[in-house]
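Enquirer: Residue numbers (the working numbering), protein chains in the order written: chain A, 600 to 1167; chain B, 600 to 1167.
Bear in mind the hints are in silico, worked out from the structure with no lab data behind them. Some clues are possibly wrong.
Heads up, the list lumps identical chains together, so a pair's fine if it works in one copy or across two of them.
[Said to hold, decoys possible] In silico EDC-like cross-links for lysine to aspartate or glutamate, where the CA-CA straight-line distance does not exceed 20 Å:
#1 1096 <-> 1036
#2 1144 <-> 888
#3 842 <-> 1153
#4 842 <-> 1018
#5 1107 <-> 627
#6 700 <-> 1139
All of these numbers come straight from a predicted model, not from anything done at the bench.
Below, each chain spelled out in residue letters.
Protein chains: 2
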Amino acid sequence: METLSPHNILVMLLSLGVLLAAARILGELAQRFRQPAVLGELLAGVLLGPTILGSLAPELNLFLFPLTGPNAIALDTIATLAIILFLMVAGIEVDLSTIWKQGNKGFKVGLTSIFLPFAMGFAFAWFFPGFMGKQAHASPLIFALFLAIGISISALPIIAKTLMDMDLYRSDLGMVVVSAAIFNDLVGWMIFAMILGLIGGNSTHGMPVIITIAMTLTFTAMMLTLGRQAIHKALPFVQAYTKWPGGELSFAIILALLGAALCEWIGIHAMFGAFLVGAALGDSAHLRERTRFTIDHFVSYIFAPVFFASIGLKVNFILNFDFKLVFTITGLAIICKVSSAFFGARWGKMPLREAWAVGFSMVSVGAMGIIVGLLAMDAGIIEEKLFVALVIMAMTTSMISGPMIRIILRYRQNLSVADMLASRYFIHRLEATSPREAIGEMLESPCRTMGLEKNLIEAAVWERELSLSTGIGKGLALPHARIEGLKQAVIVVGISKNGIDFDAPDDKLAHVIFLILTPLSDAGAQLAIASEIAGIFRNETMLEKSLHIKNFTDFMALLRTAPRGWSH
Amino acid sequence: METLSPHNILVMLLSLGVLLAAARILGELAQRFRQPAVLGELLAGVLLGPTILGSLAPELNLFLFPLTGPNAIALDTIATLAIILFLMVAGIEVDLSTIWKQGNKGFKVGLTSIFLPFAMGFAFAWFFPGFMGKQAHASPLIFALFLAIGISISALPIIAKTLMDMDLYRSDLGMVVVSAAIFNDLVGWMIFAMILGLIGGNSTHGMPVIITIAMTLTFTAMMLTLGRQAIHKALPFVQAYTKWPGGELSFAIILALLGAALCEWIGIHAMFGAFLVGAALGDSAHLRERTRFTIDHFVSYIFAPVFFASIGLKVNFILNFDFKLVFTITGLAIICKVSSAFFGARWGKMPLREAWAVGFSMVSVGAMGIIVGLLAMDAGIIEEKLFVALVIMAMTTSMISGPMIRIILRYRQNLSVADMLASRYFIHRLEATSPREAIGEMLESPCRTMGLEKNLIEAAVWERELSLSTGIGKGLALPHARIEGLKQAVIVVGISKNGIDFDAPDDKLAHVIFLILTPLSDAGAQLAIASEIAGIFRNETMLEKSLHIKNFTDFMALLRTAPRGWSH
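Construct the complete structure from the given sequences, taking the supplied hints into account.
Expert: If you want it as structure tokens, here you go:
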């Protein structure tokens, strides 16, 4: 039996560890700069792939990521499983009832987003084949069809990830986009299967294209009706007669694997099977939260980053860079895709601003475009420079999507309390013994740093305190004020070993004091912050733990990992 | 870049789905018969591998599990990752403080369990090389060394899984065995590295054996001291400055992958690196429960079953079966390993019964023996029939381990309440309106089925009810009695829509009634059952949900997946 040699195992573990580490670190950094994590993850692959590491240290690059042999297969195996499991999670997150509700809009956006770019891409490739990088001996028709599909297909996983990263996935807008992307993808893959049929048969086995299409439609319809009901009925049996939580977890993963296998057999990409299984699973009220979380976390933070990073490994982006081609393809794709989805959304009677947001949500070509490009290159239809242009187009469209949506929707990521803390606004041992003293002590550092008039602010906080004491009980006090001219909310934390009497309803002394300053213009900020803090400290061990922390980092760690009062 | 073809992807997904499904179903069945799940998982591989499926439908077997090519590599990649992550979980579960406490005994057991079987195996192979399956041209010394190490090495993962399946892993006995197995494995792999050195260099790279040994010792010592402290210090930073729970999860997995890579580079098996990283991680009080659970569940119920099933795929057990050889090797291994670990435990002053339990815990040769055998076969030192005998010996030793420990320790798996329920003792709509009527109605079915005298039992339950009413509040009542001659506890469940007045302290009517009959001889059973039920129903949504279930299966599903009052 052919197995990995010790050297293969070494390379596999090292490359996986390094790839995951780079993807997660850059993903976290991207989020720090309010970008979707997927951007950082893609960039990790570009850094470790032929483009950067391959230029600086080609031997190390080929040692970690050999192009052929067992290690290439091993990495592709992991990436393939990763994308399938990621699509399963995307499916579980889909809210089918919202999709039905948004189905009409989603259908219209899906329809325009595939056919308009297809027509425009076809026209360009047909009239300028040489400039667009056609191989001399390739058929102009096939070439034009390939380019057209490469531009019109959408990247469901990247679209889903971008929306998830912005907490828009389950919104109405998100569900219009997701249902459009599902439609786009299904139709796109069917057209793609037809084109592959034209150049000599489907890649899996010699099934006529019409049968592939019929089976795809049948499978989709079945999974969303009978399959959905069967899963809903089966879940209580699995829960009742297997060991919890293992039975339900295995059941979900096994279904996803088999659904993916079925779609691969039908001739469309395996990931759709996993997506549909996920959608059917997630729709059942019987699926337990714990199973959802276990799969979601393991997949989102381990498998997905590996997959997205692995995309960047596939090509040298500098060597095969043709500026004019990249510019043309990227511009063409952005204009075609944004405008067509925009028209679809307007056709669906969406407001102007939302229609633009839909346009920029559908712009991501992502991995789909790369897969189409790869197959076209393998089939000798396009040159390497066009492949690189397709990849850069796919990445660029994925990169502009998030920021553009953010600008259009004037979207502000909800900062959590932990995001607003800073070590310089943290007093580990408050010396104050009265509320008045505590407020003065805690205002010291922010007023100095930001050049604020301390007396005025202290007066404002104290006035509020006198009108309504802010000791909310359970050892917590939240003195606060709205301050004119403040740009953004400031939170100062003070911890008092002995406790300070903030006149709480339960008569307990306050040990953890959050002093909250919010801009006068932002009416809701104070309440949002206060209720998040109260939620965190509803868990009674939190106060005890706060008194035992050693430094600011410990306190941050405690807040971030606290079980929230309202979640599981 | 070499990638999986659509056909490869289809086979990979299908084989993985089928393998996982078979492993999990047989694993659940094994547990139903009070055997460790790992037995069923191993058997799944034997069924789907060359032995059974390969004989009945060889084409299907080779379609699913080809011996060469990308799919063989893909499956081996997944199995390799699986064993590494499983060892990481085993490491997280290790309680280092207990290991230090049990270290002396563990050291003695480890020492005898490796050297005595080694000496005996060597002697046998040296004096009867032909009978034992030596290749004609292989050196007698090398052959004897290989067989000796094949018999003396222990399977840390199977030992850990067997102990975990019986909830013995974190007991004192479990920790003696685990520390002995760690010692055995580390020394075993070092000896193995030396033997490989004798026949032409270490398999990874040409590192002298002495350096491998020195590095192994250094790495082990470092991980358990400096590495442990570094991880403990790093965890709050990861929690404080990355997105929860993703940062901590990725951090743990990345460390395990890199630790595994380092051990593979040193020249011992990658899994030890993951094990040691896991031990260091699990030792930190900063590692959050949620991360522990996410990793544990995904690995134990997805990765580990795939690994253990994949072992059974490797060989045809019937074709290469030589009864005398199998019998000799297996007998030799069992006698050598059990007696040597027994002597070690007695040397460590353990009581007789525990010493035998240690002996049978250390008997598992498992995957380690198979890996040694594979390498020996690849190096042309042993014949196929000896390889098969080694595999059967490895499996047999793994199979007898659990049952023998159970017999020796007179171990009874603690049945959960859900395990004791049966649909015939479940009344979905109680008609009774008083406690007396309810008890009568609920005793109907068990008395009929078991041929008990209903009047007597009803009188016993009612007498108990009169002396102390069993309505415990929150809509729950637990009438009960200890019955002479009853073989095992019986629980009858009745659900009353309208509620019955069991005179609860909170004056609420009882809607869910558990009637509990326990044997007169089993004094603790009643209290254990009652407190488990009370724990489950401490969560206030449970009563509400119980009133909305549709049938027995729904009720079972509810009980099994209920958040327990005392766990997270």
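Enquirer: Give a verdict on every hint.
Expert: Hint-by-hint comparison with the structure:
1. 1096 <-> 1036: Classified as within: same-chain Cα gap 15 Å, cross-chain 59 Å, threshold 20 Å.
2. 1144 <-> 888: between (27 Å within a copy, 15 Å between copies)
3. 842 <-> 1153: between (36 Å within a copy, 15 Å between copies)
4. 842 <-> 1018: between (39 Å within a copy, 10 Å between copies)
5. 1107 <-> 627: Neither: 39 Å inside a chain and 52 Å across chains, both beyond 20 Å.
6. 700 <-> 1139: neither (41 Å within a copy, 34 Å between copies)
Taken one by one, the earlier hints fail for this structure at numbers 5 and 6, listed in ascending order.
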